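Here the protein sequences line up with chains A and B, keeping their order.
Going by this note's numbering, the residue at position 157 of the first sequence is 157; the numbering climbs one at a time, nothing skipped.
Going by this note's numbering, the residue at position 64 of the second sequence is 64; the numbering climbs one at a time, nothing skipped.
FYI, nobody ran anything at the bench for these hints, they're computed from the structure.
Since we're looking at a predicted model, the values are computed, not measured.
Zero decoy hints are in this set.
Facing chain B, a subset of chain A residues (Cβ under 7 angstroms, in silico): (1) Leu15; (2) Val48; (3) Ala53; (4) Gly54; (5) Glu66; (6) Ser67; (7) Val68; (8) Arg132; (9) Val136; (10) His167; (11) Leu171; (12) Trp181; (13) Tyr204; (14) Leu207.
Even for Gly, the Cβ is constructed at its ideal location relative to N, Cα and C.
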Amino acid sequence: MRPISEWLRFPVRLLFRREDERIYAVVRIGFAAVALLNLISLWPDRHVFFSDAGMFDAEVARAQAESVYFSIFAFARSGAAVTFCMVVTALALVLLLAGVAARLAAFWVLVWHLSYIARALPATTGWDMVLRSFAVLVLVSPVGKCWTLPSLLSGGAKILPALVSGHGLVLMRLQVLVIYWQTVLRRFAMPDPNYWANGEFMSYFLLSHHARWPGPWVLEYGGLLTFATYAAQAAEAAIPVLLWVKKTRWWGILLGFSLHAGISVFARDLGLFFLAMMMTYPAFLRTGDIEAVHGRVKRLLARGGSPDR
Amino acid sequence: MQPGSARGGAWEDQRGNCARVMLPMSGDDSANSAQGETFPVKGRVWAVLLLGFCCWHSGFLIASIVPRQTGDGKKGSPALNLYRTFISGDQHWNMFETLPLHRSLDARIEVDDGKGGWATLGSVMPGFTPYPSPENARYYNLFYRIMLNAARSPYFGAYLRRTDGLLRARYGSSITGHWALVVDVECMRPLHDSRRDGVPYVPATGYFDAANPGGVPR
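Chain A with its partners taken away, still in its complex shape:
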């Protein structure tokens, strides 16, 4: 019989393969920046969504919880208390962005996401759920020292980046895979009329409330929009695979960027969804990519700044 260490070798190799700590830094900075933008977008409506004087009855919110109702807004019920919580969260996000007390900040950021989603579930959006999922994964990931404010202040440019455990990146990649593939699979089980299956989704979408330019013009492009419906689904199925395979990851990033940028252009008010999805892609970077991108940018800048140009 094999010793237990033999059995553990495979998951250990898979999960704890060493990765450049700067990949985590990019994810942390991207996550904190998007979560901060989300907080800023929520700020004007904080009393509407989270205070007892707002739109959602606190007792109904408690009763709607699947198992446990967990929300700081069970205690912070007044307008002033809600404001205080959001200010603390903003501070935590800035700390996370700067990599200062990052673990503690990430913990509070997770508490914030759990809390506001539980308190104002009907007002949540897809990007809230993406941020909430990544809040856990950022918390359990290595923090590292690279690209933090303290390292910057102490001449961090000269610090050699560490190789750290890649478990957080593996979990993030799996999370992105679930987001895309479950979305695609769920549509197969939709009841009739299934607009994704019959190719009418894009036509309805561009006529609907979500559209930036709704109007009768949409009716003239039925064939093209049927193609766009199927193409979007094919892209959603392909993006995680392209991102995960080392040779095709840049194509995956390009395809994902195009898909989500396209949604942002044709849909109203979904810019944060675009940013939230783009924030997940750096988790697919590999050791060496940061150098490669850095070198390419340097070469481009050098070429742009040369006197013969």
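Chain B: place on chain A using the hints.
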């Protein structure tokens, strides 16, 4: 050539000399702390716990690729529900699955002024502020989910009861039955009908009050 592709040769050269390497399963606490790592795993026990969590969460995520049925009254195991609440989230990814078949939502409260006319208040609390225009995704989701969804949410009943209470405080108890939440929408017609006559929308208005969260016929 792949977009953005480039060689990481410089990095590969540096790797051999890299001084700050963390071995998460090594259990070498002194090595970790001496090299300035902030990673929380500082021993075999923690490393095994982390490995266990990662294996479990990976398995949970992989299992989540196949959508589970929700809203069927099955609560599932309490431990799993706790895990979903605090760690994994619901993993219910239905991006653009449901298609709201309307546009131009507007919601307001109309109050009988006792002189044969109607005064209008905003539908957003606190303060009966107007429904935002142009509206944003959150407000739209909010009103769509609590009002227009087929299975009306308990939030909606609570909202109407509270609105009634606030209006009573403002206008007196006789206001009950003399106000309504009025929701205007443009509903989309089936595409084949719209293509035939070029008219994609048909207007519709709903009236609701505390006693009639399902709608008041007018």
